[in-house]
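Undergrad: Sequence:
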Amino acid sequence: MPQINLYQTEVDELEFMKGALKEGCKIVPDCNYATPEIQILNTLEEFQCSRLSERHFFILHERFIRLPLQLRPISKDGKTVYYISPSQGGPFVEFLGGGIFEDEKTQTWRIRSGFLAHPSNYWDANITKRQASPPELMEIYKRLAEAIRATSTRIKPDRSVYWLGNDAQAQLLRGAKLGLHEDWFFPSGSPSSE
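Taking our numbering as reference, the numbering of the sequence shown is continuous, increasing by one, and the terminal residue is 570.
No wet-lab data here; the hints were simulated from the structure. Accuracy of the hints is not assured; some may be wrong.
To be verified - Label pairs and their computed distance ranges (CB to CB):
#	residue 1	residue 2	range
1	I416	V537	13 to 23 Å
2	T482	P510	42 to 52 Å
3	K394	R530	17 to 27 Å
4	E480	L548	13 to 23 Å
5	L549	P412	43 to 53 Å
6	L548	Q379	30 to 40 Å
7	Q379	R442	13 to 23 Å
8	L548	R519	41 to 51 Å
9	E399	T482	16 to 26 Å
10	E422	K452	22 to 32 Å
11	E386	R525	42 to 52 Å
12	Q507	G551	46 to 56 Å
13	I416	R448	14 to 24 Å
14	S496	Y459	14 to 24 Å
To be verified - Restricting the straight-line Cα-Cα distance to at most 30 Å, the calculated cross-link-like pairs of lysine-lysine (BS3-like) are:
#	residue 1	residue 2
15	K481	K518
16	K402	K452
17	K398	K518
Note that CB positions come from ideal geometry on N, CA and C, so glycine has one too.
With the sequences and hints as input, model every part of the structure.
TA: So this is what it looks like as structure tokens:
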């Protein structure tokens, strides 16, 4: 799966999404849905509101979408909710937002990592076969990735390359830290301690 790693604040993400929307993309939050219908975000304001509770989004475009996204039911806290099955439908570009937050344990501002990626193939349930992602997806992905690179600085804080957004860079200069080893992701320390 082609992917670029990111360190972006919400300010950087808004600039990126502004460009994606100008490209004609539609944004779909990856969340638990109350009904089996996806929510399509068509404006920056809708993305901003959704971003308050979600970090992961699917980016769609009529030029490359071949099948609708599939919602699957699951039981959560005694209720049926629906989630987007990432292995079916699409194809799509995936965006995981980063963002800045205060680590309560260390009282340090941290910038989470994120990514922009797309699958090289997708599952077509109609013919029960994997299909190569269309070239239009790669074209749009390349333009979105170029937009990120144009407004970011290439860094290599560990073994991987990341693109550091302009606002993320300003936050680092103010004392924020990169979330290189995101052990703070699990509030109680580790997933096994729950």
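Undergrad: Hint by hint, work out which the structure violates, then give me just those numbers in ascending order.
TA: Of the numbered hints given earlier, those the structure breaks are 1, 6, 8, 9, 11 and 15, listed in rising order.
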